[in-house]
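Colleague: Chain residues, written in single-letter form:
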Amino acid sequence: MSDLETAEHPEQLRRVAIDTVSRVEGHGKVTILLDDDNKVHQVRLHIVEFRGFEKFIQGRPYWEVPVMVQRLCGICPVSHHLAAAKAMDMVIGAEHLTPAAEKNRRLMHYGQILQSHALHFFYLCSPDLLFGFDSDVARRNIVGVAAQYPEIAKKGVLLRKFGQEVIRMTAGKRIHGTGAIPGGVNKSLSREERDALLADVYHMLSWSLEAVHLVRKLFEQNLETYNAFGRFRAHQVSLVRADGAMDLYHGGLRARSMDGDILFDHFDYRHYWEVIFEDVKSWSYMKFPFLRSLGPEKGWYQVGPLTRVTNCDFIPTPLADKERQEFLAFDEGRTTGATLGFHWARMIEMLHAVESIKDLLHDDDIMGDDLLVSGERAGRGVGVIEAPRGTLIHHYRVDKDELVIRANLIVATTHNNQPMNEAIRQVAIQYLNGNEITEGLLNHIEVAIRAFDPCLSCATHALGKMPLEVELLDAEGALVSRLAKTADGALSA
Amino acid sequence: MGASVKKLKVATTSLAGCFGCHMSLLDIDERLFDLLELVEFDRTPLTDIKVVGQCDIGLIEGGLCNAENVHVLREFRNHCKILVAVGACAINGGLPAQRNLIPLRAILDEVYLTEPGLGHGGIPDDPELPLPLNKVHPIHEVVKVDYFLPGCPPSADAIWKFLTDLLAGREPELGHELMHYD
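Going down the list, the protein sequences come from chains Y and L.
If you're matching positions, the first sequence starts at 275 in my numbering and goes up one per residue.
If you're matching positions, the second sequence starts at 92 in my numbering and goes up one per residue.
Quick caveat, the hints were computed from the structure, so don't treat them as lab data.
Keep in mind it's a predicted model, so treat the numbers as computed, not measured.
Among the clues, some could well be false.
[Said to hold, decoys possible] With the Cβ distance kept under 10 Å, some of the chain L side facing chain Y (calculated, not the full set):
hint: 1; residue: Glu152
hint: 2; residue: Asn157
hint: 3; residue: Val161
hint: 4; residue: Arg165
[Said to hold, decoys possible] Which bits of chain Y does chain L cover? Going by a derived footprint, with three or more residues having C-beta under 8 Å, they are:
hint: 5; region: 384–398
hint: 6; region: 404–416
hint: 7; region: 419–431
hint: 8; region: 448–457
For every residue, glycine included, the Cβ atom is placed at its ideal position computed from N, Cα and C.
Turn these sequences into a full structure, and let the hints steer you where they fit.
Modeller: Rendered as structure tokens:
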């Protein structure tokens, strides 16, 4: 870790703030402390809101949760909707969904990946990449892109629209839909809906391929700058399929060290708390997760598109896999460790999402009418999914009255808390140190934050770890006694 | 942006919301380009303008959960001729207001103090963090609101109808079809 987290004598330093960070989702601010020579002593990304979702969801019936909890986030509601539904599948004993149910959920999820990645790249980040990090602030937005690159803007808008339409048809509504329910889905795609999507999907395929090549071209034009920008080393965590393929909907956890060694692989996410802990710092409401085996100082890690593209063994759709190979080989692999490499990886994933949508539309199971299964009830459910921004963990406990008694969410952006702080500290060292601070220089800090596509309102809602609790139940399942471990390690009854 | 016709200035912000209302605004899809013929964006999450300037229309998503939300809302009211509460959270607090049933201190304690496997940072209390309010409030409890646009979120068609009515100088009228609360 860089040593810019905490200055020794903050009272003697000058404070510069970016308040609020713009062109990201949610509320964050950056504070920078400088001395008289503009040497940087402290840089922090603060998450400034606190909500309390996991507390007030206690006492609600379990079947409400997938619809309620997606209101964490209007950009990736489907991710929360599906992670919660997967957790509730466990609660109602739905071990294997029907093909129609799983495929409609996957279709919804790929629609989500597509629309979120398109939103992020075209609406939020492309102005920095197309115009320059310190370009005119009045033009540095989607309106400027629409004026100067109307074709790029139009394709971006239509790519997002297509993803939103996939979501509307599978979830019933573009934002905060209701399609996934414990044990399956409440509707499948109709023939008319399938045909309408099929009519557009091949345009989307070629446009998303163009988007990958656009990022590649930008890298070729700015190779040294892009590869060096906010560069740092991190461990990596993502879900992978049993055969090592990228799988954004389901899989086991794979952790890879910053040196490339596998730390654990195909770890059953239903026991995620055995490998992931969280740290708290006074200056942010967002927690700092870390790999338990390595501890808080050394165990922080990165998630998201760049991690997924490099951490998997292959992508199971041909166009995206070919682009992955080229990305891995580009500049002798240096871009795989570049903060701005996130953009390239994100566009490869967008291509993968469109290919997967196309394949599902050609699969008749998508119109199937066997939608629901259930089995033996359980008191605990864990659902993990690769959301657009990275690994998303939902964990619930449900009592015999079918009410939620505990909830814990670790959202993608929370995993990336330390990586984002590392990236902006590196940028501060590279660009700000010793210079007169200008708006354009400060935007460099935001460019580094935006690379992660943080979802700061997701992060503000999330509360934190499930307490370690041991319950002793009698043969009828009634509680005999309970032991809980508190923050200082003491046991309480 | 050659301005032969004077464009109306629009500012937007998300307070204690989920950005879903902003996403629904973007769900007007390619109609965005038509909108850009009529309006110019001031402070919004889509631009890098950090402080709101004099505007014709201000769209507020989200309710009030901390002191900073209140400050931003007042700035919007002072700078916008027409202020609109967009979506459930701005209108009645929405889902975040579910925490109003529980004392704030109890929530903070559970999250940052009484759980194991956490560091010893305690409840975050750095002066850089805005103070949370004891309860989440709808925005009309703090400033005068000119219009309320319901929905979680209001659909893109509802937002489009509302804005095009307003921009054309008509009294906005959603009608039965577009009036939704879900």
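Colleague: For each hint, tell me whether it holds in the structure or not.
Modeller: For each hint, the structure was consulted:
1. A hinted interface residue such as L:Glu152 counts as satisfied when its beta carbon comes closer than 10 Å to some beta carbon of chain Y; here the least separation is about 9 Å, so the hint holds.
2. Below 10 Å, beta-carbon pairs count as interface contacts, and L:Asn157 has one with chain Y at about 6 Å; its hint therefore holds.
3. For L:Val161, the interface hint is violated, since its Cβ never comes within 10 Å of a Cβ in chain Y; the closest pair sits about 13 Å apart.
4. Violation of the interface hint for L:Arg165 is found here, the shortest Cβ-Cβ separation to chain Y being roughly 16 Å, above the 10 Å cut-off.
5. For the region 384–398 of chain Y, the assignment as covered by chain L holds, since 3 residues bring a beta-carbon within under 8 Å of that chain's beta-carbons and 3 suffice.
6. Only residues whose beta carbon comes within less than 8 Å of a beta carbon in chain L count, and the region 404–416 of chain Y has 4; three or more means the coverage holds.
7. Coverage of the region 419–431 of chain Y by chain L holds [criterion: at least 3 residues with CB-CB distance below 8 Å; count 5].
8. Only residues whose beta carbon comes within less than 8 Å of a beta carbon in chain L count, and the region 448–457 of chain Y has 3; three or more means the coverage holds.
Hint violations for this structure: numbers 3, 4, all remaining hints satisfied.
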